[in-house]
Amino acid sequence: MTSLLTYTLKYLPSTSQWALRFSVRPLSCSSQLRAAAAVQAKSKQTLAKPNMRNIVVVDGVRTPFLLSGTSYKDLMPHDLARAALSGLLHRTSVPKDVVDYIIFGTVIQEVKTSNVAREAALGAGFSDRTPAHTVTMACISSNQAMTTAVGLIASGQCDVVVAGGVELMSDVPIRHSRKMRKMMLDLSKAKTLGQRLSLISQFRLNFLSPELPAVAEFSTNETMGHSADRLAAAFAISRLEQDEYALRSHSLAKKAQGEGLLSDVVPFKVPGKDTVTQDNGIRPSSLEQMAKLKPAFIKPYGTVTAANSSFLTDGASAVLILAEEKALAMGYKPKAYLRDFVYVSQDPKDQLLLGPTYATPKVLEKAGLTMNDIDAFEFHEAFSGQILANLKAMDSDWFAQNYMGRKAKVGSPPLEKFNIWGGSLSLGHPFGATGCRLVMATANRLQKEGGQYGLVAACAAGGQGHAMIVEAYPK
Amino acid sequence: MVASRAVGSLSRFTASRMLRCPGYICRSFTRSSALLTRTHINYGVKGDVAVIRINSPNSKVNTLGQEVHSEFIEVMNEVWSSNQIRSAVLISSKPGCFIAGADLNMLTACTTSQEVTQISQEAQRMFEKVEKSTKPIVAAINGSCLGGGLEVGVPAAFDMMLTGRGIRADRAKKMGLVDQLVEPLGPGIKPPEERTIEYLEEVAITFAKGLADKKISPKRDKGLVETFYLTELTSYAMSIPFVRQQIYKKVEEKVRKQTKGLYPAPLKIIDVVKTGIEQGSDAGYLSESQKFGELAMTKESKALMGLYRGQTLCKKNKFGAPQKEVKQLAILGAGLMGAGIAQVSVDKGLQTILKDATLAALGRGQQQVFRGLNDKVKKKALTSFERDTFFSNLTGQLDYQGFEKADMVIEAVFEDLSLKHKVLKEVEAVIPDHCVFASNTSALPINEIAAVSKRPEKVIGMHYFSPVDKMQLLEIITTQKTSKDTTASAVEVGLKQGKVIIVVKDGPGFYTTRCLAPMMSEVIRILQEGVGPKKLDSLTTSFGFPVGAATLVDEVGVDVAKHVAENLGNVFGERFAGGSLEVLKGMISKGFLGRKSGKGFYIYQEGVKNKNLNSDVDSILASLKMPSQPDVSSDEDIQYRLVTRFVNEAVLCLQEGVLATPTEGDIGAVFGLGFPPSLGGPFRFVDLYGAQKIVDRLRKYEAAYGKQFTPCQLLVDHASSPNKKFYQ
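Order-wise, the sequence lines are chains X and B.
Using our numbering, the first residue of the first sequence is number 1491, and each one after it goes up by one.
Using our numbering, the first residue of the second sequence is number 13, and each one after it goes up by one.
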């Protein structure tokens, strides 16, 4: 399908507007048709399991995702997280004291608020009797927050949990060098003037060179973009294919935004600034414009550029997760069930971003579903090249047999069901908050399109990955 | 020159991965029409770019032989004459190898320097054609690119010509040898190695196109020689003849100092460069090919090529694959040797237990392993993360926990038979049936150690050399009872540890220690005769030994030397006599144990580079002074007294069957004991120097000192029939 799209685009001297209409419209039509047809012949009627609590998502919200350095730049992470929590309270009208537990995911931690979940919850007016903790698992941190909630509810420890995620890339902790920190710490312990002077005499100018948070994988020292570029090359994905996929993401997101489909976004009145109402990273460009960009990581012949990568983003998200019986008792009409999920991990060097490839067949198998049962796919788009590599890997018997220990490929998701409201490339990717966005997009798409099963998948730094099945709550 | 560009790929491929047959590349050959008659080089045309692929049949590497030359010139002529082709990419179809250099077999086959000169001239013509190509040529290098291979890829460079050192891809880029790096790819649509070559080719083609279209300029920031030596100012200075003379002189001095005049090649290279600069490139080329021809015929060249072949042989497991792969290793004793063995094991992915009796000794050993790995991090050979994962393969412990899962135990406890017996019995009580027990000893006979074993077929000797992480040799010792599978296991582990391996029969001192002992005895005698340690060191290093004889005693350890001398002296009697053991005993009683105790013949201080003589040894030597015999005490005689005793004992080892082949004898002597590499090892030395001359020398010294210099029968046989050679 990718190649079909590519082919068509490649050989028609189209303007971006034209390409947009062409590529988007027929796809969205067919998706509705096929979804409707598919509902009738599922492998399973439902994924409910006997003797297991059903766990539901009542609703979820997110702040608008903004390019870092824009309207959120003066905030702190817990401010954003608090906005998401307040939005969720407003959206669901859940009584604050009913919430048993709060979990947030985040990646780059603000040291002052290392348990950002607790600070945000207190600020949002939740009961100080509601415990909160923060988890981190790179780009699948809020997925981890949600599945932790699922575990707490399934095991009967909690009934009502708020899970969310936050990332503020506008401000990151930049530290003094280790030498400088050591000297400062020693100074604070020094008792006499002599000790202090002798410590200060060791000072060298290079102590002042700051330490930036690493953008590189700790184990391999390779930046993610570099790895993505190599991955794209390993799967022989051209620059044009990547640019086309990025254009698709932006075009679809623009359309979804225009049609008001991104209903999880809640407006946020930023102190001292205007109210932010929508994502600001959606910028459909033209292939010609995109072709002009130089490669960002492997210079000068690489294929990953600023235009076909996700951008640094500020944002927060939150979802309300309940045991089904509790939700019904409280009078809610849930949006979706959270069903089977898996976490996977593989070689952080050469397979850093292949998490979805490994996680998808595994979660389908676990749930007893096939690719055909899925009506809505929501995959995290770190890079165009990464998404296309995953699609190719999932469609390769050779890869499945030689690297995944499987007999055959799982098959690649049909594009007409795939990220059709845009993805991380266009909507933005606040590391810790993307997972909840993916789940809400899936739930909302299933509700809107009448599908039953959705599949969420994401890759994460460290060579890890995640996938979860979301089942629509019957109308 | 203008047009040749290089694109390199970081090569991290292991040998085992090299065997995969790149199906893709084979296929595109068939498409490229009528050129199938050529065996080494073929090309296909992609757009307006010719992709020239080098793929020597039936070989893991590509080498520059005569066929390659002629085929290459044929192909290049077609490329230049074709109107369709505007640029070319030169690439190897073998993963991990571009061109490994000249074909040694081809050079060995030549009997005269004229032949070699001719070959060299052919190669020059080839390189010249590439350099003067009117169409841009991009060399896409994946893996080893040595010698001539480098000349094809990039014009040769000063520094590298001299030392022949390996350069990592990222450094090559910094040095300006290559223009772009392509990092190896992971798994994708096909096996990583295959796809990486394909990707390299794709990238190279875009570069070739860019060069032909003048979209990419073939600018190198600085010319190569400039990068190394010269800034703009000095490049002006180079145009002044007087300055040039000074530079030649300086380089020559430095080279002479490093090679001690033992290796003729570097000096000839300077000559050639000089000729090239002073008299123009044609004269330079002519001189290069002539000098190359001369060099190929020298003894040194024969010796070094022999060593190269021997090393290749000793990197193979003649005993086949062991029944059970060794995955869990256990090492007893965390001393210098034990920790060294652990270090070369953990960084090859072997799970290793390091056991010692006390926490302090164990901690010292663990620290040694960590430091060894960390030094590699400092040199950027490892990342800190790799260091951490390797170090995690090491388990330090004081008990025998986990030994029930060990596939091999290597003991490196103190050289004391009763102690070795004690640990052998303790270990056999806990290890599984299949587990191999290897003893790291330099002199204790393995069958004596195995005497208390319940399963002597599983007992073997693995003699490592100190420092284990630097010394390449591993001497494996088999007894009558050692099973073939046990030997196969030991060799397999040794190869995994990166060792060059000789397998010898059991006996006192095995092969290496036994050869060294008589020479050491002679060292002591020479010192007793009044030759100072410094003088002795300079005599031995100028003969080609990498370490001076007195320094060697310090490095080995005076106590170890005494221990060995005493042991072997008892067994072999008068043949091993010479110097007095009292010298070593006297040193030990004063605590002069060599480098490890800070004092031996020299004084060792942390951070002090120039070591001073330990004047306290003088009195010991003075009290045990022997009269020197003037007619066998010239500098040359002293050198030959040492070397002939060594050589005689080595040949005796072959005669007695301790050694299986002369090759192993040469490899053992050069890689384990520092026998001069320029001589190629004791056996090669006999072949090249002449057995008769050596026997003559031995007889001369025999007359002065007696039986210690009596030539062995095999050596006498070789002397009496000049056609007899160790290497036919």
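Honestly, I wouldn't trust all of these hints.
To give an idea of the chain B side of the interface with chain X (calculated C-beta under 10 Å), a few residues [said to hold, decoys possible]:
| no. | residue |
| --- | --- |
| 1 | 194 |
| 2 | 196 |
| 3 | 200 |
| 4 | 208 |
| 5 | 210 |
| 6 | 211 |
| 7 | 224 |
| 8 | 262 |
| 9 | 374 |
| 10 | 375 |
| 11 | 401 |
Among chain X residues calculated to face chain B with C-beta under 10 Å, some are [as the list claims (entries may be wrong)]:
| no. | residue |
| --- | --- |
| 12 | 1694 |
| 13 | 1697 |
| 14 | 1700 |
| 15 | 1703 |
| 16 | 1704 |
| 17 | 1705 |
| 18 | 1708 |
| 19 | 1839 |
If you are wondering where the hints come from, they were derived from the structure by calculation, not from laboratory data.
All residues carry an ideal CB built from backbone N, CA and C; glycine is no exception.
Outcome of the hint check:
{"no.": "1", "hint": "194", "result": "holds (8 Å)"}
{"no.": "2", "hint": "196", "result": "holds (8 Å)"}
{"no.": "3", "hint": "200", "result": "holds (3 Å)"}
{"no.": "4", "hint": "208", "result": "holds (8 Å)"}
{"no.": "5", "hint": "210", "result": "holds (8 Å)"}
{"no.": "6", "hint": "211", "result": "holds (5 Å)"}
{"no.": "7", "hint": "224", "result": "violated (16 Å)"}
{"no.": "8", "hint": "262", "result": "violated (35 Å)"}
{"no.": "9", "hint": "374", "result": "violated (28 Å)"}
{"no.": "10", "hint": "375", "result": "violated (25 Å)"}
{"no.": "11", "hint": "401", "result": "holds (8 Å)"}
{"no.": "12", "hint": "1694", "result": "violated (20 Å)"}
{"no.": "13", "hint": "1697", "result": "violated (21 Å)"}
{"no.": "14", "hint": "1700", "result": "violated (20 Å)"}
{"no.": "15", "hint": "1703", "result": "violated (17 Å)"}
{"no.": "16", "hint": "1704", "result": "violated (12 Å)"}
{"no.": "17", "hint": "1705", "result": "violated (16 Å)"}
{"no.": "18", "hint": "1708", "result": "holds (7 Å)"}
{"no.": "19", "hint": "1839", "result": "holds (7 Å)"}
In this structure, the earlier hints numbered 7, 8, 9, 10, 12, 13, 14, 15, 16 and 17 are contradicted, and the remaining ones agree with it.
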